[in-house]
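Novice: Take a look at the letters that make up each chain.
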Amino acid sequence: MTRNLRELVTDCTVELFRAYGVVLDPQLTAKGLPEAMTVDTAVTAVMDARLGPVAGVLAPTSPGKLAIVTSFALVAASRPMATKVAVLSPTSFGDWLYVRDWIRELMNQLAGRIMNRLAASGTSVAFGRPVALTRDAALRELAAPTNIRVRLGSRDHVNGVELLVNIPGEIDGKTRIGTLPPPALEGSVTLFDEDADGQ
Amino acid sequence: MANKTVLVIDDSLVVREQVRDTLRAASYDVLEAENGIEALAHVKATPALSLVICDVNMPEMGGLELLAELKNQGLMSFHVIMLTSEGRPEFLAKARTLGAKAWMMKPLVAEKLLAVVQKLTA
Numbered sequence: 014m015t016r017n018l019r020e021l022v023t024d025c026t027v028e029l030f031r032a033y034g035v036v037l038d039p040q041l042t043a044k045g046l047p048e049a050m051t052v053d054t055a056v057t058a059v060m061d062a063r064l065g066p067v068a069g070v071l072a073p074t075s076p077g078k079l080a081i082v083t084s085f086a087l088v089a090a091s092r093p094m095a096t097k098v099a100v101l102s103p104t105s106f107g108d109w110l111y112v113r114d115w116i117r118e119l120m121n122q123l124a125g126r127i128m129n130r131l132a133a134s135g136t137s138v139a140f141g142r143p144v145a146l147t148r149d150a151a152l153r154e155l156a157a158p159t160n161i162r163v164r165l166g167s168r169d170h171v172n173g174v175e176l177l178v179n180i181p182g183e184i185d186g187k188t189r190i191g192t193l194p195p196p197a198l199e200g201s202v203t204l205f206d207e208d209a210d211g212q
Numbered sequence: 004m005a006n007k008t009v010l011v012i013d014d015s016l017v018v019r020e021q022v023r024d025t026l027r028a029a030s031y032d033v034l035e036a037e038n039g040i041e042a043l044a045h046v047k048a049t050p051a052l053s054l055v056i057c058d059v060n061m062p063e064m065g066g067l068e069l070l071a072e073l074k075n076q077g078l079m080s081f082h083v084i085m086l087t088s089e090g091r092p093e094f095l096a097k098a099r100t101l102g103a104k105a106w107m108m109k110p111l112v113a114e115k116l117l118a119v120v121q122k123l124t125a
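The listed protein sequences derive, respectively, from chains B and D. One rule links them: number in this note's numbering = place in the first sequence (from 1) + 13. One rule links them: number in this note's numbering = place in the second sequence (from 1) + 3.
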């Protein structure tokens, strides 16, 4: 059984945010993302492998690009943000740094999910390091051509998530890929030497 | 009895906090580093280090590069847990070859992390 790349990207995004307490619904379209692009409310991060090598990547692979646009409120509502502090304010510089740190980490984990599933089906792609963007840079990202653009709404937040993915090659959102299980499941633990540790 | 000391290495402040909070609640002392270079300095300055928890993809020096340095410099007197979103088999194999003891996939599950930490620091 296969599915297409758009479905894979959508599923990875929904799964990731659900793991952190935010429910995204592919049936809902994210509303008003351009309106969300104010300094106060927009949070954007991009991972572009063409910008430079990623520390830790073992071998060169096709460079990909992953960008996410969402709102401060949605990111602040995700665990562990929501459980760590009572109220995060977009007018607080410290809170902004915190939220920007977290969206970068969310991007990192999203890229990991996508890469792991693509690798299991024989497609090798690497994304760059996550970088949080300014408002103007984020608007340019939204306007740039992309293979796959996914908008996911949220029942709890007016502005959901917009995801933009570029994976080189003759692929697009409709490209069929295999559905082999990822080599290591999210949240799993692999102990390398059980015998050594157990003795 | 003195608390055991764990070094947490991740370029995300939020991830370091999650791990730190989990371990401190279980009476571990926690040191933090943002990348492998900072981590090396901590390792050299902390001879009684019990465990290292390390991300893979980080700026300056990644987790696998750090493992290689620790091994080459004969500094690995403790176990290392890789905590990462990376799941490709070649990465796990590389980490195992370099001496890591465990590979944990993000999202972090506090109970699982604590169980592995307690097992490897027993």
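Incorrect hints may appear among the rest.
A partial selection of chain D residues facing chain B, derived with a Cβ cut-off under 7 Å [claimed, not checked]:
hint : residue
1    : 25
2    : 33
3    : 117
Derived CB-CB ranges, DEER-like [said to hold, decoys possible]:
hint : chain 1 : residue 1 : chain 2 : residue 2 : range
4    : D       : 51        : B       : 153       : 49 to 55 Å
5    : B       : 149       : D       : 75        : 23 to 29 Å
6    : B       : 105       : D       : 29        : 42 to 48 Å
7    : D       : 78        : B       : 38        : 35 to 41 Å
8    : B       : 149       : D       : 80        : 35 to 41 Å
9    : B       : 137       : D       : 76        : 30 to 36 Å
10   : B       : 156       : D       : 74        : 28 to 34 Å
11   : D       : 74        : B       : 40        : 49 to 55 Å
12   : D       : 50        : B       : 36        : 46 to 52 Å
Think of the hints as simulated: they come from the structure by calculation, not from any bench. Where is the CB? At the ideal position from N, CA and C, for every residue including glycine.
Novice: Hint by hint, note whether the structure agrees.
Specialist: A quick look at each hint next to the structure:
Taking 7 Å as the C-beta contact cut-off toward chain B, the hint placing residue 25 of chain D at the interface is violated, the least distance being around 11 Å. Given hint, residue 33 of chain D at the interface with chain B, is violated; its Cβ is 16 Å from that chain's nearest Cβ, farther than 7 Å. Hint status for residue 117 of chain D relative to chain B: violated, with the closest Cβ pair at about 11 Å, above 7 Å. A C-beta distance of roughly 50 Å is found between residue 51 of chain D and residue 153 of chain B, which places it inside the suggested range of 49 to 55 Å.
Checked against the hint of 23 to 29 Å, the C-beta distance between residue 149 of chain B and residue 75 of chain D comes to roughly 45 Å, which is inconsistent with it. At roughly 31 Å, the beta carbons of residue 105 of chain B and residue 29 of chain D sit outside the given window of 42 to 48 Å. For residue 78 of chain D paired with residue 38 of chain B, a C-beta distance near 49 Å fails the hint of 35 to 41 Å. Separated by about 49 Å at the C-beta atoms, residue 149 of chain B and residue 80 of chain D break the suggested range of 35 to 41 Å.
Taking 30 to 36 Å as the suggested C-beta distance range, the pair residue 137 of chain B and residue 76 of chain D conforms, at roughly 32 Å. Hint check: residue 156 of chain B to residue 74 of chain D, Cβ distance near 47 Å, so the stated range 28 to 34 Å is violated. In this structure, residue 74 of chain D and residue 40 of chain B meet the distance hint of 49 to 55 Å, their C-beta atoms being roughly 50 Å apart. Between residue 50 of chain D and residue 36 of chain B the beta carbon distance is about 47 Å. The supplied range of 46 to 52 Å therefore holds.
Violated hints for the displayed structure, listed by number in ascending order: 1, 2, 3, 5, 6, 7, 8 and 10.
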